[in-house]
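Engineer: Given only the sequences and the hints, what does the whole structure look like? Please build it.
Everything in the sequence shown is counted per my numbering, starting at 92 for the first residue and increasing by one.
Where hints are given, some of them may not hold.
[Stated by the list, open to error] Pair ranges (Cβ atoms, derived):
no.: 1; residue 1: Glu228; residue 2: Phe136; range: 16 to 24 Å
no.: 2; residue 1: Phe269; residue 2: Ser233; range: 48 to 56 Å
no.: 3; residue 1: Phe216; residue 2: Thr245; range: 20 to 28 Å
[Said to hold, decoys possible] Below 30 Å or equal to it, Euclidean Cα-Cα: the simulated DSS-like pairs (lysine-lysine) are:
no.: 4; residue 1: Lys238; residue 2: Lys156
no.: 5; residue 1: Lys204; residue 2: Lys159
no.: 6; residue 1: Lys111; residue 2: Lys263
no.: 7; residue 1: Lys160; residue 2: Lys204
no.: 8; residue 1: Lys102; residue 2: Lys263
These are computed hints drawn from the structure, not numbers from a lab.
Just so it is clear, CB atoms sit at the ideal spot from N, CA and C, and this is done for glycine as well.
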Amino acid sequence: MMDSSSQFESKPSIYAVAVKYGLLTGLLYIVFAAINYITESYGNFFVALLVSIVISVLGIVLALKEFKKQNAGYMTYGQGLGLGIMVSIIAGIISGLFSMLYIQFIDPGVPEKLVEATMEQMASFGVDESVLDSQREEVMASFTPVKQLTSAVTNAFFSGLILSLIIAAVMKHKRPEFE
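Structural biologist: Given below as C-alpha cells:
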C-alpha cells in the first residue's frame, strides 16, 4: 500500500537542474573566453579544446550529481543523457551570445586575430599557401552573428551528446524494480 505522503512528494525537476548548471557552465565558458580575448591567447588550440572539455564535463557531472541527490540517489540513463544535453545547449547559447556580442561590439578585430592564429598554426604543419588563402576566406565568412550563434549551439549539442553518453552511463543508478 502506498503511503499518502509519498503521493504528494514532488519529483525533482530536470529542467530546473539543467537551467542552473547550464547557466553555471555558460558562465565558466564566458570567463574562459574573456580571458582568451583580453590576453589575445588565440594560438594554442589544443589547450583551448582541453579546457573547454573540462568545463563541459564539470558542468554535466555536477548537474547529474545534483539531480541524483534530489532524486534519492537515482537517475536513469535517459534522464542523465537528456540532462547533460540540456546543460550543454544552455551553456552553448550563453557562450555563443557572449562571443557574438563581444565580437560585434567590444572588439570587432577578434575574427582577424583568430584567423591569423589559425593560419600560423596550419602553416607550421606545412599546409600549402593556396590552401591557407582559401581557408582564410572561408573562416572569415563564418563570423556573421547568426553563423556564430548557430555554430556555438550546434557544437554544444554534439559535444554535449558525446560527453553525456559517456557520463550518464557511468553515473546512472536505476531505482530497483520491486521496492
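Engineer: Could you run down the list of hints and mark each one as holding or not?
Structural biologist: Taking the hints in turn, this is what the structure says about them:
1. Hint check: Glu228 to Phe136, Cβ distance near 20 Å, so the stated range 16 to 24 Å holds.
2. Checked against the hint of 48 to 56 Å, the pair Phe269 and Ser233 passes, with Cβ atoms roughly 55 Å apart.
3. The given range of 20 to 28 Å is respected by Phe216 and Thr245, whose C-beta atoms sit roughly 26 Å from each other.
4. Between the alpha carbons of Lys238 and Lys156 the distance comes to roughly 34 Å, so the proposed pair goes past 30 Å and is violated.
5. Proposed proximity of Lys204 and Lys159 is contradicted: the alpha carbons are some 43 Å apart, above 30 Å.
6. In summary, the hint linking Lys111 to Lys263 is supported, as the alpha carbons are separated by about 20 Å, within the 30 Å threshold.
7. At roughly 44 Å between alpha-carbon atoms, Lys160 and Lys204 are farther apart than 30 Å, so this suggested pair is violated.
8. Distance restraint check for Lys102 and Lys263: the Cα-Cα separation of roughly 17 Å lies within the 30 Å cut-off, and the hinted pair is therefore satisfied.
In summary, the numbered hints that this structure violates are 4, 5 and 7.
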